[in-house]
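If you read the protein sequences in the order shown, they are chains F, B and V. For the first sequence, position 87 matches number 87 in this note's numbering, and the numbering has no gaps at all. For the second sequence, position 94 matches number 94 in this note's numbering, and the numbering has no gaps at all. For the third sequence, position 62 matches number 62 in this note's numbering, and the numbering has no gaps at all.
Some clues are possibly wrong.
Here are some, though not all, of the chain F residues that point toward chain V, as calculated from beta-carbon distances under 7 Å [claimed, not checked]:
{"#": "1", "residue": "49"}
{"#": "2", "residue": "52"}
{"#": "3", "residue": "84"}
{"#": "4", "residue": "90"}
{"#": "5", "residue": "95"}
{"#": "6", "residue": "225"}
{"#": "7", "residue": "274"}
{"#": "8", "residue": "283"}
{"#": "9", "residue": "285"}
{"#": "10", "residue": "287"}
{"#": "11", "residue": "385"}
{"#": "12", "residue": "452"}
{"#": "13", "residue": "456"}
{"#": "14", "residue": "458"}
Cross-link-like lysine-lysine pairs, in silico, DSSO-like; alpha carbons within 30 Å at most [unchecked claim]:
{"#": "15", "chain 1": "V", "residue 1": "293", "chain 2": "V", "residue 2": "407"}
{"#": "16", "chain 1": "B", "residue 1": "75", "chain 2": "F", "residue 2": "453"}
{"#": "17", "chain 1": "F", "residue 1": "136", "chain 2": "V", "residue 2": "334"}
{"#": "18", "chain 1": "F", "residue 1": "85", "chain 2": "V", "residue 2": "373"}
{"#": "19", "chain 1": "B", "residue 1": "75", "chain 2": "F", "residue 2": "85"}
{"#": "20", "chain 1": "V", "residue 1": "334", "chain 2": "F", "residue 2": "85"}
{"#": "21", "chain 1": "F", "residue 1": "451", "chain 2": "F", "residue 2": "465"}
Pulled a few chain F residues facing chain V out of the computed Cβ check, cut under 7 Å [stated by the list, open to error]:
{"#": "22", "residue": "54"}
{"#": "23", "residue": "88"}
{"#": "24", "residue": "284"}
{"#": "25", "residue": "310"}
{"#": "26", "residue": "312"}
Keep in mind the hints are simulated off the structure, nothing from the lab. Since the structure is predicted, the reported quantities are computational estimates derived from the model, not experimental observations. Backbone N, C-alpha and C define an ideal beta-carbon position, used for all residues, glycine too.
One-letter residues, chain by chain:
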Amino acid sequence: MSSSLHNGWEVVIGLEVHVQLATRSKIFSGASTATGDAPNSHASLIDLGMPGTLPVVNKEAIRNAVRFGLAINADIGRRSVFERKNYFYPDLPKGYQTTQLAEPIVGAGEVVIQLEDGREKTVRIHHAHLEEDAGKSLHEDFHGQTGIDLNRAGTPLIEIVSEPDMGNAEEAVAFARKLHAIVTSLGVCDGDMSQGNMRFDVNISVRRPGEPLGTRTETKNLNSFRFMEKAIKLEVERQIDVLEDGGKIVQETRLYNGETNTARSMRTKEDANDYRYFPCPDLLPVLVSEEEIDTLRAELPELPDARQARYVEQYQLSDYDAGLLSGSIATARYFEAAAQHGGDAKLAANWVMGELAARLNSEDKDIADSPVSAEQLGQLILRLKDGTISSKIAKQVFEACWNGEGDPDAIIEAKGLKQMSDTGELEKIVDQVIADSPAQVEDYRSADDAKRKKKIGYFVGQVMKATQGKANPQQVNQLLQQKLAP
Amino acid sequence: MAIDSQVVARVAHLARLQVDDGESEALSERLNEILGMVDQLQQADVSDVEPLAHPLEVSQPLRDDRVTEPDVRDKVLPIAPASEEGCFLVPRVIE
Amino acid sequence: MHDKTLTELRAGLQAKDFSARELTEHFLGRIQARDGELNSFVTVTGEQALAQADAADQAIAAGDQRLLTGLPIAHKDIFCTEGVRTSCGSRMLDNFIAPYTATVVDNMAREGAIMLGKTNMDEFAMGSSNETSFYGPVRNPWDTERVPGGSSGGAAACLAARLAPGATGTDTGGSIRQPAALNGVTGLKPTYGRVSRWGMIAFASSLDQAGPLGLSAADCALMLQAMAGHDDKDSTCLNEPVDDYLGALEQNLDGLRIGVPEEFFPDNLDGAIADNARDAMRELEKQGAKLVKVSLPSIKLSVPAYYVIAPAEASSNLSRFDGVRFGYRCEAPKDLEDLYKRSRSEGFGAEVKRRILVGTYALSAGYYDAYYKRAQQVRRLIRDDFARAFKEVDVLMGPTSPETAFKLGAKADDPVNMYMADVFTIAVNLAGLPALSMPSGFVDGLPAGTQVIGNYFQEGRILNVAHRYQMATDWHQRIPGAFQ
Numbered sequence: 001m002s003s004s005l006h007n008g009w010e011v012v013i014g015l016e017v018h019v020q021l022a023t024r025s026k027i028f029s030g031a032s033t034a035t036g037d038a039p040n041s042h043a044s045l046i047d048l049g050m051p052g053t054l055p056v057v058n059k060e061a062i063r064n065a066v067r068f069g070l071a072i073n074a075d076i077g078r079r080s081v082f083e084r085k086n087y088f089y090p091d092l093p094k095g096y097q098t099t100q101l102a103e104p105i106v107g108a109g110e111v112v113i114q115l116e117d118g119r120e121k122t123v124r125i126h127h128a129h130l131e132e133d134a135g136k137s138l139h140e141d142f143h144g145q146t147g148i149d150l151n152r153a154g155t156p157l158i159e160i161v162s163e164p165d166m167g168n169a170e171e172a173v174a175f176a177r178k179l180h181a182i183v184t185s186l187g188v189c190d191g192d193m194s195q196g197n198m199r200f201d202v203n204i205s206v207r208r209p210g211e212p213l214g215t216r217t218e219t220k221n222l223n224s225f226r227f228m229e230k231a232i233k234l235e236v237e238r239q240i241d242v243l244e245d246g247g248k249i250v251q252e253t254r255l256y257n258g259e260t261n262t263a264r265s266m267r268t269k270e271d272a273n274d275y276r277y278f279p280c281p282d283l284l285p286v287l288v289s290e291e292e293i294d295t296l297r298a299e300l301p302e303l304p305d306a307r308q309a310r311y312v313e314q315y316q317l318s319d320y321d322a323g324l325l326s327g328s329i330a331t332a333r334y335f336e337a338a339a340q341h342g343g344d345a346k347l348a349a350n351w352v353m354g355e356l357a358a359r360l361n362s363e364d365k366d367i368a369d370s371p372v373s374a375e376q377l378g379q380l381i382l383r384l385k386d387g388t389i390s391s392k393i394a395k396q397v398f399e400a401c402w403n404g405e406g407d408p409d410a411i412i413e414a415k416g417l418k419q420m421s422d423t424g425e426l427e428k429i430v431d432q433v434i435a436d437s438p439a440q441v442e443d444y445r446s447a448d449d450a451k452r453k454k455k456i457g458y459f460v461g462q463v464m465k466a467t468q469g470k471a472n473p474q475q476v477n478q479l480l481q482q483k484l485a486p
Numbered sequence: 001m002a003i004d005s006q007v008v009a010r011v012a013h014l015a016r017l018q019v020d021d022g023e024s025e026a027l028s029e030r031l032n033e034i035l036g037m038v039d040q041l042q043q044a045d046v047s048d049v050e051p052l053a054h055p056l057e058v059s060q061p062l063r064d065d066r067v068t069e070p071d072v073r074d075k076v077l078p079i080a081p082a083s084e085e086g087c088f089l090v091p092r093v094i095e
Numbered sequence: 001m002h003d004k005t006l007t008e009l010r011a012g013l014q015a016k017d018f019s020a021r022e023l024t025e026h027f028l029g030r031i032q033a034r035d036g037e038l039n040s041f042v043t044v045t046g047e048q049a050l051a052q053a054d055a056a057d058q059a060i061a062a063g064d065q066r067l068l069t070g071l072p073i074a075h076k077d078i079f080c081t082e083g084v085r086t087s088c089g090s091r092m093l094d095n096f097i098a099p100y101t102a103t104v105v106d107n108m109a110r111e112g113a114i115m116l117g118k119t120n121m122d123e124f125a126m127g128s129s130n131e132t133s134f135y136g137p138v139r140n141p142w143d144t145e146r147v148p149g150g151s152s153g154g155a156a157a158c159l160a161a162r163l164a165p166g167a168t169g170t171d172t173g174g175s176i177r178q179p180a181a182l183n184g185v186t187g188l189k190p191t192y193g194r195v196s197r198w199g200m201i202a203f204a205s206s207l208d209q210a211g212p213l214g215l216s217a218a219d220c221a222l223m224l225q226a227m228a229g230h231d232d233k234d235s236t237c238l239n240e241p242v243d244d245y246l247g248a249l250e251q252n253l254d255g256l257r258i259g260v261p262e263e264f265f266p267d268n269l270d271g272a273i274a275d276n277a278r279d280a281m282r283e284l285e286k287q288g289a290k291l292v293k294v295s296l297p298s299i300k301l302s303v304p305a306y307y308v309i310a311p312a313e314a315s316s317n318l319s320r321f322d323g324v325r326f327g328y329r330c331e332a333p334k335d336l337e338d339l340y341k342r343s344r345s346e347g348f349g350a351e352v353k354r355r356i357l358v359g360t361y362a363l364s365a366g367y368y369d370a371y372y373k374r375a376q377q378v379r380r381l382i383r384d385d386f387a388r389a390f391k392e393v394d395v396l397m398g399p400t401s402p403e404t405a406f407k408l409g410a411k412a413d414d415p416v417n418m419y420m421a422d423v424f425t426i427a428v429n430l431a432g433l434p435a436l437s438m439p440s441g442f443v444d445g446l447p448a449g450t451q452v453i454g455n456y457f458q459e460g461r462i463l464n465v466a467h468r469y470q471m472a473t474d475w476h477q478r479i480p481g482a483f484q
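Isolated chain F, as found in the complex (with noise of 0.2 Å):
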């Protein structure tokens, strides 16, 4: 199941994610999944669980889940059920929660995830069923007290639930990432990790190679693949731990805090969870004709693993680069735009993955939030190649850009970036700083080939910044190498 030891440990990782599905209004209800909204605007008669009040399914959370269902190879349940998880919590407001259990709108598919060193791996979807989210408690600004918002409630879901085939926080991430891909290709879920948009649980145990699986612990509140990672590792060694001091793992629910990397126990309830599911009586059995699948089949958008076969074809991206690009619509949308733009993929491919993603993450902006447009990139990459700019000045121009100075164009011209063309105007300042600096023409006349090669370098810096860089580098070497010759 695992595929390394950690100190002589397996560890073994399973996912369950929820995916807030991009409808217009609620699974149950026609009120608005709209976000950001004084508290309980959106919370109708419906999600509020006012008596009398009853549940219509939405006919597009249905075939959310049908698409993601097709674009995992799942078996679509053609029969699904809905039923009631019935527990009491204030931000649930009917004292259960309509889920599926024993007959799913997806049964069994798959995922496959490339790892860095090039492996590709298959993990295992048991099952993804359609449920509705639960409102939000709010702790802040109540003296005390806490507040109940349920604008939430009745937000559709679809729950993931993978098989435990992941054996490191590499391959959860990289399991995590292709889901998020493909949710995103699909359209049915926006992604947007940080507002709980799509929330990730891992479950995490480990044993000893050939032992029974260990007692397994739930992590949540992970928000970003990057607390994802951390989460999990700090839980591996947290059971490594208590287990190689002889103490047991006991189960639990973990709540993991990013901004210290630490992790808590949740309080523990003193009952054990008897949900009592049972067929919802409000609702009916949901049918799933041949025709619709085929439909919704035909339909379905260009997946990751297609675009990224397309990316090595059409722009000759490594695996591994165009799986990157490929990794979220949003990126994919980003660097085809760039690429498109820019005349050039390769070079587009390189900012998009070099320069824009360290700038990204710096900020903890996504891309779909970039400061510098697509567009923009394709203007730059264009400059780049026409030789307007050399690439020193592309990164001041992109910084510029990104600092919302305008177009490239604009600010190459603002700022008079644009390279020096004229040969004789180089030449001139060339011939000034070769005579400013007899020493150290003397030493590089002295010297051999390799080492005149690293000396040349103190020549062209001279002429770059006598030039405030905007001469062509290739140019002012070529024409040092002339002049410095013996």
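Take the given structure of chain F and dock chains B and V to it, following the hints.
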């Protein structure tokens, strides 16, 4: 399947009902009478019988994905036992 | 005016013999004068009723008389009515002003009905005697020392006492038919899915169905015509065309095959009750119907199956009453658990708590298969029994209840005995079939009812059978002496 005070306590907790010690015994007796009557079900030969959840075996009608429900905050908050700033209030929930 | 049926009152309004306001004032006056003896209303909505009556009079003057224009109706307090307290007979909802209106109430209002008020009922419809109401028991107008049956006891009692000419009820295990029988009125439980459940506070969702109670089958047909129909808000409400119930009333009964299930006449049945039902069938035989013996072997398990399924669904349906968003909340809860437990324990009465506990137990881990699943399997056997019978016959008949109205408090300490009395009505709910109870005479001075069960969506047929019976008999016209 007789149930005793302990079972009553467990079930009452699941149902969030308070059963005082004084009433627990009489209540278990009542519940046992009911369950005794219900136990006649065990006589039935139900092998190969599919459970019937609804009298009419029809399928779920589906609703178009449109926003149709109005904002009812102004109707529902006034009838809530406790509310503040648009939220329903409960004693502090500790996670 | 109060001795007239809705059908007669409708004609009177049309002929302008009296106005809707006069009619409404008359019934409001009777309620005010006499309901103290019965306790059949929880809330009387006089002001609104008179406003509706004035609107009805204008409509009639303008020539726009609909099915129920100007006819006063009493709604069971299980139907949400916007701006009016909807208590469901419970302390839990004593302060609950519903923020919206049930489809049944809306549908009837659209046809011009006037709401007189909200009738008393067993708490959350859990009971067969109306003794579990937070507002106290309803008394039977035939003998005020006796129960009116339940759970729609207020509806049946106010009709029998002629405090209202028409009423709505709900029937989960006999809650329309049994009180109809015990009060000498006619009550119809439609096919499951015929009438919308939107706005009707749920007891057991897969069994609950709203229907009319009236002074005659024709009145029930009139009310059902307005109540029935598809509703987008209720997934279980079927999109089947609504038949012309009024048009079907007069059909003759030549060749009608009446099935007589032997299980409806068990050896231990009170002979007078059995004879009463047999007499009713004989009357129909005279009109050309044929009696056919049939058997429904599985229905002997209907009471145990019902007392698993109904409490199980109820235990979940009643979880929303948690003191958070509406309804009763205990004083000064010290924490969340305390809020839940005290609000629910103080807000619910003993019978409701008992059923929640039974249902919770039946669904809990380890018992699901033995109880809930098995009950649903038995439910299929019961439905199949009926399906087999309906291949042979058009309707099934028998007594509605094995007994007449009993004394208040007589069964207070014996819930199982009370449950067993639902034996003839419950199987119909499990199968989802339509059935009505019609007055068929008296046993020891108390009304007895006969049940007519039809196949799915055959409301028109059973109303027709009852109407033909009522054309030949006058049991349905009898009025309790004290309320003439």
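Here is how each hint holds up against the structure:
1. For residue 49 of chain F, the interface hint holds, the least distance from its beta-carbon to any beta-carbon of chain V being 4 Å, beneath 7 Å.
2. Hint status for residue 52 of chain F: holds, given a least beta-carbon distance of 4 Å to chain V, under 7 Å.
3. Given the 7 Å rule on beta carbons, the hint for residue 84 of chain F holds: about 5 Å separates it from the nearest Cβ of chain V.
4. Given the 7 Å rule on beta carbons, the hint for residue 90 of chain F holds: about 6 Å separates it from the nearest Cβ of chain V.
5. Annotation: interface hint on residue 95 of chain F holds; nearest CB of chain V at approximately 2 Å, less than 7 Å.
6. Evaluation of the residue 225 of chain F hint against chain V yields a violated restraint, the C-beta minimum of about 34 Å exceeding 7 Å.
7. Evaluation of the residue 274 of chain F hint against chain V yields a held restraint, the C-beta minimum of about 5 Å falling below 7 Å.
8. Interface restraint check: residue 283 of chain F against chain V, minimum CB-CB distance 6 Å, threshold 7 Å, status holds.
9. At about 11 Å, the closest approach between the beta carbon of residue 285 of chain F and any beta carbon in chain V exceeds 7 Å, and the interface hint on this residue is violated.
10. Taking 7 Å as the C-beta contact cut-off toward chain V, the hint placing residue 287 of chain F at the interface is violated, the least distance being around 13 Å.
11. Of the supplied interface hints, the one on residue 385 of chain F is violated, with its beta-carbon coming no nearer than about 59 Å to a beta-carbon of chain V, more than 7 Å.
12. At its closest, the beta carbon of residue 452 of chain F sits 80 Å from a beta carbon of chain V; the interface hint therefore is violated under the 7 Å criterion.
13. Nearest Cβ of chain V to the Cβ of residue 456 of chain F: about 76 Å, over the 7 Å cut. The hint is violated.
14. Because the beta carbon of residue 458 of chain F sits about 74 Å from the nearest beta carbon in chain V, more than 7 Å, this interface hint is broken.
15. Taking the CA atoms of residue 293 of chain V and residue 407 of chain V, the gap is near 34 Å; set against the 30 Å cutoff, the hint is violated.
16. Distance check on the hinted pair: residue 75 of chain B and residue 453 of chain F sit about 81 Å apart at the alpha-carbon level, beyond 30 Å; violated.
17. Taking the CA atoms of residue 136 of chain F and residue 334 of chain V, the gap is about 21 Å. The hint holds against a cut of 30 Å.
18. Proposed proximity of residue 85 of chain F and residue 373 of chain V is supported: the alpha carbons are some 16 Å apart, at most 30 Å.
19. With a C-alpha separation of about 28 Å, the suggested pairing of residue 75 of chain B with residue 85 of chain F holds against the 30 Å cut-off.
20. Of the supplied pair hints, the one linking residue 334 of chain V and residue 85 of chain F holds, its CA atoms being roughly 27 Å apart against a limit of 30 Å.
21. Distance restraint check for residue 451 of chain F and residue 465 of chain F: the Cα-Cα separation of roughly 22 Å lies within the 30 Å cut-off, and the hinted pair is therefore satisfied.
22. With 7 Å as the threshold, the beta carbon of residue 54 of chain F comes within range of chain V, its nearest partner Cβ sitting at about 5 Å, so the hint holds.
23. At a threshold of 7 Å, the smallest CB-CB gap from residue 88 of chain F to chain V is about 6 Å, leaving the interface hint in force.
24. A distance limit of 7 Å between C-beta atoms decides the matter here; for residue 284 of chain F the minimum to chain V is near 6 Å, and the interface restraint holds.
25. A hinted interface residue such as residue 310 of chain F counts as satisfied when its beta carbon comes closer than 7 Å to some beta carbon of chain V; here the least separation is about 43 Å, so the hint is violated.
26. Residue-level restraint check for residue 312 of chain F is violated (minimum Cβ-Cβ distance to chain V is 48 Å; threshold 7 Å).
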